[in-house]
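Student: Residue strings, one per chain:
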Amino acid sequence: MNNVFVYCEIEEGKVADVSLELLTKGRSLANQLKCRLEAVVAGSKLDGVEKQINPYGADVIHIAEDKSLYPYKTLPHAKIVKEVFQKEKPCIGLFGATSVGRDLAPRIASVLKCGLTADCTALEIGDHTDNKTGKEYKNLLYQIRPAFGGNILATIINPETRPQLATVREGVMKKEEVTGNHNAELKKVDAAGLLSEEDFIVEIIERHIEPRKVNIANSNIIVAGGYGVGSKENFALLFQLADVLGGEVAGSRAAVDSGFVEHARQVGQTGVTVRPKLYIACGISGQIQHRAGMDQSAMIISINDDPGAPINQIADYSVIGDLNEIIPKMIKYYKKNSK
Amino acid sequence: MKKFNIVVLAKQVPDTRNVGKDAMKADGTVNRGALPAIFNPEDLHALEQALRIKDKYPDAIVTIMTMGPARAAEIIREGLYRGADRGYLLTDRKFAGSDTLATSYVLALGIKQLFPVDIVIAGRQAIDGDTAQVGPQVADKLNLPQVTYAEEVLSMEKGKIIVKRRLERGVETVEAPMPVVLTVHSSAPACRSRNARLLMKYKHAKSVSELQEMSEDYIQLQKDRPYLLIEEWGASNISADTENLGLSGSPTKVRKIENVVFKAKESKVLSSDDEDINGLIKELIENHTIG
Ligand SMILES: Cc1cc2nc3c(=O)[nH]c(=O)nc-3n(C[C@H](O)[C@H](O)[C@H](O)COP(=O)(O)OP(=O)(O)OC[C@H]3O[C@@H](n4cnc5c(N)ncnc54)[C@H](O)[C@@H]3O)c2cc1C
Numbered sequence: 001m002n003n004v005f006v007y008c009e010i011e012e013g014k015v016a017d018v019s020l021e022l023l024t025k026g027r028s029l030a031n032q033l034k035c036r037l038e039a040v041v042a043g044s045k046l047d048g049v050e051k052q053i054n055p056y057g058a059d060v061i062h063i064a065e066d067k068s069l070y071p072y073k074t075l076p077h078a079k080i081v082k083e084v085f086q087k088e089k090p091c092i093g094l095f096g097a098t099s100v101g102r103d104l105a106p107r108i109a110s111v112l113k114c115g116l117t118a119d120c121t122a123l124e125i126g127d128h129t130d131n132k133t134g135k136e137y138k139n140l141l142y143q144i145r146p147a148f149g150g151n152i153l154a155t156i157i158n159p160e161t162r163p164q165l166a167t168v169r170e171g172v173m174k175k176e177e178v179t180g181n182h183n184a185e186l187k188k189v190d191a192a193g194l195l196s197e198e199d200f201i202v203e204i205i206e207r208h209i210e211p212r213k214v215n216i217a218n219s220n221i222i223v224a225g226g227y228g229v230g231s232k233e234n235f236a237l238l239f240q241l242a243d244v245l246g247g248e249v250a251g252s253r254a255a256v257d258s259g260f261v262e263h264a265r266q267v268g269q270t271g272v273t274v275r276p277k278l279y280i281a282c283g284i285s286g287q288i289q290h291r292a293g294m295d296q297s298a299m300i301i302s303i304n305d306d307p308g309a310p311i312n313q314i315a316d317y318s319v320i321g322d323l324n325e326i327i328p329k330m331i332k333y334y335k336k337n338s339k
Numbered sequence: 340m341k342k343f344n345i346v347v348l349a350k351q352v353p354d355t356r357n358v359g360k361d362a363m364k365a366d367g368t369v370n371r372g373a374l375p376a377i378f379n380p381e382d383l384h385a386l387e388q389a390l391r392i393k394d395k396y397p398d399a400i401v402t403i404m405t406m407g408p409a410r411a412a413e414i415i416r417e418g419l420y421r422g423a424d425r426g427y428l429l430t431d432r433k434f435a436g437s438d439t440l441a442t443s444y445v446l447a448l449g450i451k452q453l454f455p456v457d458i459v460i461a462g463r464q465a466i467d468g469d470t471a472q473v474g475p476q477v478a479d480k481l482n483l484p485q486v487t488y489a490e491e492v493l494s495m496e497k498g499k500i501i502v503k504r505r506l507e508r509g510v511e512t513v514e515a516p517m518p519v520v521l522t523v524h525s526s527a528p529a530c531r532s533r534n535a536r537l538l539m540k541y542k543h544a545k546s547v548s549e550l551q552e553m554s555e556d557y558i559q560l561q562k563d564r565p566y567l568l569i570e571e572w573g574a575s576n577i578s579a580d581t582e583n584l585g586l587s588g589s590p591t592k593v594r595k596i597e598n599v600v601f602k603a604k605e606s607k608v609l610s611s612d613d614e615d616i617n618g619l620i621k622e623l624i625e626n627h628t629i630g
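Protein sequence lines, in the order shown, are assigned to chains A and B.
Mapping of the first sequence onto the numbering used here: position 306 corresponds to residue 306, and the numbering continues sequentially without gaps.
Mapping of the second sequence onto the numbering used here: position 170 corresponds to residue 509, and the numbering continues sequentially without gaps.
These are computed hints drawn from the structure, not numbers from a lab.
Heads up, a few of these hints could be off.
Straight-line alpha carbon distances no greater than 30 Å define the calculated BS3-like cross-link-like pairs of lysine-lysine that follow [as the list claims (entries may be wrong)]:
1) B:K607 <-> A:K113
2) A:K335 <-> B:K621
3) B:K499 <-> A:K174
4) A:K135 <-> B:K433
5) B:K342 <-> A:K174
6) B:K562 <-> A:K82
7) B:K499 <-> A:K79
8) A:K174 <-> B:K595
9) B:K451 <-> A:K82
10) B:K607 <-> A:K277
11) A:K34 <-> A:K14
12) A:K87 <-> B:K604
13) A:K89 <-> B:K595
14) A:K277 <-> B:K621
15) B:K607 <-> A:K336
16) A:K213 <-> A:K175
17) A:K135 <-> B:K542
18) A:K329 <-> B:K604
19) A:K329 <-> B:K503
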């Protein structure tokens, strides 16, 4: 009762990265609250799915297995999660802010009449005193998220309703395996018994999902280009630098919108959140929405011909000048010094 | 021909895409007044989907519904200029402070007044909150299926709608029975522009509150042309339970708002000279950042 729950998304038989990241976050929240961490998985052919989840420290895994449960559909998954939540009464429920989580979580919030905060960038435990009533609340979930196009950061709480629901985008939390062997208790959810015809009125006729080609979120070194790179052709320079450094290429929204790079490489509030060892921002001004996706990088180098560009405020090194001149020099001196 | 009854949910939002310097007050809070109020972008994509259905089935009725303050009548007019048939403004002091749950409660009750409805179409999300919650919550409250992230309505036959969805890494085509709730993604076609004839026809469309400020003559003019009236519904018109409205109907509370300030780092400023670049690369190799 009153544990932390994570809804685990399944993609091609694998638990999605965002769910593993949430399990890691959920583990630390559960430790703080001295309660258990429970996972909910719904899908087909889930044999051995616990092997993927165990390293992230769940204490219990609720497994709903039925061939009708993959690929994801709103109504059957909503029914399963609702049933599990009504029975188990979680204090917290976490979902990935993906096309699945953002489709499912609001329905759960609506049917359970509880609060849901979308796209949180931080989750913390804390107390709260209501200004008007003076009522005190202990150990609430602080759901912290950007608002107003990223210009403000709001802390949202759900004082009265349970579970406290939140979605988090991929890459925002860090996934980390727990130490030691962890074997969760498995609980079967009677999917066939719960679901009825009315849950299957929406049918998937066709589905084309591309495998992940680029995954900048997992790269240690990112060479990112912005509008200042100027053209798709010029991005070749960034690919060369990324190539010699063993990194990936990313872009700002302005670069993506101009067609210089594909959307999968966009960093920022409406793109991917990254935290590499090294982030080289070339021709990126560093607007707030871009910084929101990369300011956790261990080291930031900015290459910009404008000394006043906001990116320089968060850069460890600001190289002031033309990127067309600087990047080739970086390649040259890397080749020279790395030997 | 089937007379589809379509409700488009739309929201007037502050234009957070262009938050300039004057949009932040000295104390670090957002100066909402400095931001222009616009038709939420993805709701325009939703309107376009509805209008495309109407292109194909001219008997269809497209109703714009919005919840907001009196001034939100502006976006209903905007919808009329582009081809919507009528609009309803859900407005009441009691609605103020609503989170997505309380908002979807009001919208669902508003939609119920228009039943039987075939399709409810909303934008996927609004740019002032980016939550993407209202569409699915309206669907739940109406006990209807939902198709989120919709990009295109492919067909509507024999009580079923076929919709293409745009997901992170692909597309999915689904068939759902009507009535259904769709939420439309920004990858869907942009909304058509205002139609000159409709602009002439509806430029005097006014809500009940707006009419109160007008002269007798103007009001008389309206009476002769009932299509110019934008209806307003408050909590009592939709039989809303006060408990579920506004702040008391909203489980989420804002505990704190902070201005986002990035701590400026001590950054080393370098030039494009060979010496500087060489030194930088050497440092990075020495501290094992690269190499
Ligand atoms: C709701 C919302 C969400 C958003 N989400 C994102 C997001 O996820 N990711 C994102 O990136 N943006 C996002 N944006 C957009 C963001 O506000 C900026 O518009 C965008 O990041 C700007 O991209 P940029 O820095 O590449 O372009 P610009 O701001 O145009 O900057 C170009 C930079 O290149 C420099 N430059 C030009 N030529 C050269 C040269 N030869 N050598 C060196 N430097 C040069 C210029 O000095 C300038 O600093 C969002 C905006 C909103 C409102």
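Student: Keeping to a limit of 30 Å between CA atoms, is the pair of A:K329 and B:K604 held or broken?
Tutor: holds, 25 Å
Student: Is the hinted pair B:K451 and A:K82 satisfied, with a Cα-Cα distance of at most 30 Å?
Tutor: Holds, at roughly 25 Å.
Student: Tell me if the straight-line CA distance from A:K277 to B:K621 falls inside 30 Å.
Tutor: Distance of about 16 Å is within 30 Å: holds.
Student: For A:K213 and A:K175, compute the direct alpha-carbon distance and say whether it is at most 30 Å.
Tutor: holds, 20 Å
Student: Taking 30 Å as the top limit, are the C-alpha atoms of A:K135 and B:K542 close enough?
Tutor: violated, 51 Å
Student: Quick one, are A:K87 and B:K604 close enough, alpha carbons at most 30 Å?
Tutor: Judged against 30 Å, a Cα distance of about 49 Å means the pair is violated.
Student: Is the straight-line distance between the alpha-carbon of A:K174 and that of B:K595 30 Å or less?
Tutor: Holds: A:K174 and B:K595 sit about 25 Å apart, inside 30 Å.
Student: Hint check: B:K499 vs A:K174, CA-CA at most 30 Å. Holds or violated?
Tutor: violated, 43 Å
Student: Can you confirm whether the C-alpha distance between A:K135 and B:K433 stays at or below 30 Å?
Tutor: holds, 23 Å
Student: Within 30 Å, alpha carbon to alpha carbon, are B:K607 and A:K336?
Tutor: Status holds; Cα separation ~23 Å.
Student: Next pair to validate is B:K607 with A:K277; report whether the Cα-Cα distance is within 30 Å.
Tutor: holds, 18 Å
Student: Straight-line Cα separation of B:K562 and A:K82 no greater than 30 Å?
Tutor: Roughly 50 Å separates the two Cα atoms, so the pair is violated.
When each numbered hint is compared with the structure, violations occur for hints 1, 3, 5, 6, 12, 17, 19.
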